[in-house]
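Chain order of the listed sequences is A and B. So in my numbering, the last spot in the first sequence is 112, and the numbers never skip. So in my numbering, the last spot in the second sequence is 1113, and the numbers never skip.
Don't read these hints as lab results, they were simulated from the structure. Quick reminder that beta carbons are idealized off the backbone N, C-alpha and C, glycines included. One or more hints might be untrue.
Under the rule of at most 25 Å between Cα atoms (straight-line distance), these lysine-lysine pairs were calculated in the DSS-like manner [unchecked claim]:
#1 B/Lys1003 with A/Lys14
#2 B/Lys1016 with B/Lys1070
#3 B/Lys1070 with A/Lys57
#4 A/Lys11 with B/Lys1038
Only part of the chain A face toward chain B is listed, based on derived beta-carbon distances under 8 Å [said to hold, decoys possible]:
#5 Phe21
#6 Leu61
#7 Phe65
#8 Pro70
#9 Phe74
#10 Ala88
#11 Phe97
#12 Lys100
#13 Leu101
#14 Ser105
#15 Leu109
#16 Ser110
Now for the letters of each chain:
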Amino acid sequence: DTGVSQNPRHKITKRGQNVTFRCDPISEHNRLYWYRQTLGQGPEFLTYFQNEAQLEKSRLLSDRFSAERPKGSFSTLEIQRTEQGDSAMYLCASSLFSEKLFFGSGTQLSVL
Amino acid sequence: AQKVTQAQTEISVVEKEDVTLDCVYETRDTTYYLFWYKQPPSGELVFLIRRNSFDEQNEISGRYSWNFQKSTSSFNFTITASQVVDSAVYFCALLAGNTPLVFGKGTRLSVIA
């Protein structure tokens, strides 16, 4: 059990650029979640997958955001045409069905 | 809708003091799960406890204890004899129905030596 791994840890980008984050869940976990956390707030749900199927998306997930989980393994979260308001910590978590969620260390995005 | 309220934004205590972090939740579901997570400065959310709605027994794990009261929709967390390493942001969270885990805004605990 190597835990949930997220890359990169930090990303600085200019407004308007596209960015992609990667999450590798715990291998036997079938569910994978993306959350976003801004300073002083709790994590806010963005989307989740059960195996390769994306089952739910939050209203927070605008059409500039897209997530994939090919083959039900790792997942990517892409943000197109980044805006300053996208600056946040993006957290990935995995679980076996609805058991406890294990979180990665997150990707800190700064949009300049 | 599911909601978690952590009214205490920040708490400071002196080492060895006991401290209680409050959590109040809202849900119409009869089956639900409550969680506490710790987020140290490194940023990773660390799981502390999961409690289901049918188990109102209080739980103790070392210096940590949890008080679940359905009558007041509360799931409070107490750290006994606090230590500097307990300094972190603590989140209470609720899993109910088909909705994903919903977090409170967190309580920042500072333990001063």
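To see whether the hints hold, each was checked on the structure:
no., hint, verdict
1, B/Lys1003 with A/Lys14, "violated, 35 Å"
2, B/Lys1016 with B/Lys1070, "violated, 30 Å"
3, B/Lys1070 with A/Lys57, "violated, 30 Å"
4, A/Lys11 with B/Lys1038, "holds, 24 Å"
5, Phe21, "violated, 14 Å"
6, Leu61, "violated, 12 Å"
7, Phe65, "violated, 16 Å"
8, Pro70, "violated, 21 Å"
9, Phe74, "violated, 18 Å"
10, Ala88, "violated, 12 Å"
11, Phe97, "violated, 11 Å"
12, Lys100, "holds, 5 Å"
13, Leu101, "holds, 6 Å"
14, Ser105, "holds, 4 Å"
15, Leu109, "violated, 13 Å"
16, Ser110, "violated, 14 Å"
Hints 1, 2, 3, 5, 6, 7, 8, 9, 10, 11, 15, 16 from the list above are not met by this structure, while the remaining hints are.
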